[in-house]
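So for the sequence shown, my numbering puts the first residue at 1; every next one is plus one.
These are computed hints drawn from the structure, not numbers from a lab.
Hints are not guaranteed to be accurate.
Simulated restraints on C-beta separations [claimed, not checked]:
1. Q48 x G27: 45 to 53 Å
2. S40 x R6: 23 to 31 Å
3. T24 x T63: 53 to 61 Å
4. R47 x M1: 31 to 39 Å
Calculated pairs, EDC-like style, for lysine to aspartate or glutamate (alpha carbon to alpha carbon, straight line, at most 20 Å) [stated by the list, open to error]:
5. K73 x D58
6. K23 x D12
7. K23 x E42
8. K22 x E10
9. K23 x D7
Every residue gets a Cβ at the ideal spot worked out from N, C-alpha and C, and that includes glycine.
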Amino acid sequence: MALTIRDLSEADIASFQELTGKKTASGALIQAAQIGVAASAELKQARQTIKTLQTSLDTYRQTLQQLTPLCLKVVDLAAQKDLFTEGMTDDD
């Protein structure tokens with residue numbers, strides 16, 4: 001299949017050739033397009049991973065927010081010596 005691309009600047013061609021290591025403009029352009037397709041797929045996967053991790057992080061944060069007051073309550077109870085020593089004698 002023949003494909004004609006017009007209005008491609010020399011700077012663009014040089015960039016594609018540098019990116020791909022190809023000598024010809026057409027080879028560099030085709031290789032760059034393949035790189036772009038692969039990068040797009042990788043980006044889509046990365047976004048999905050980020051979304052999954054963000055959901056997990058939100059769940060962990062919510063759990064910690066619920067645990068914080070309970071931990072403070074335990075610390076408060078532990079500070080009350082008489083609660084644990086009440087009813088005990090030196091004979092025990």
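Going down the list of hints, with the structure as the test:
no.	hint	result
1	Q48 x G27: 45 to 53 Å	violated, 32 Å
2	S40 x R6: 23 to 31 Å	holds, 24 Å
3	T24 x T63: 53 to 61 Å	holds, 57 Å
4	R47 x M1: 31 to 39 Å	holds, 32 Å
5	K73 x D58	violated, 24 Å
6	K23 x D12	holds, 13 Å
7	K23 x E42	violated, 26 Å
8	K22 x E10	holds, 14 Å
9	K23 x D7	holds, 19 Å
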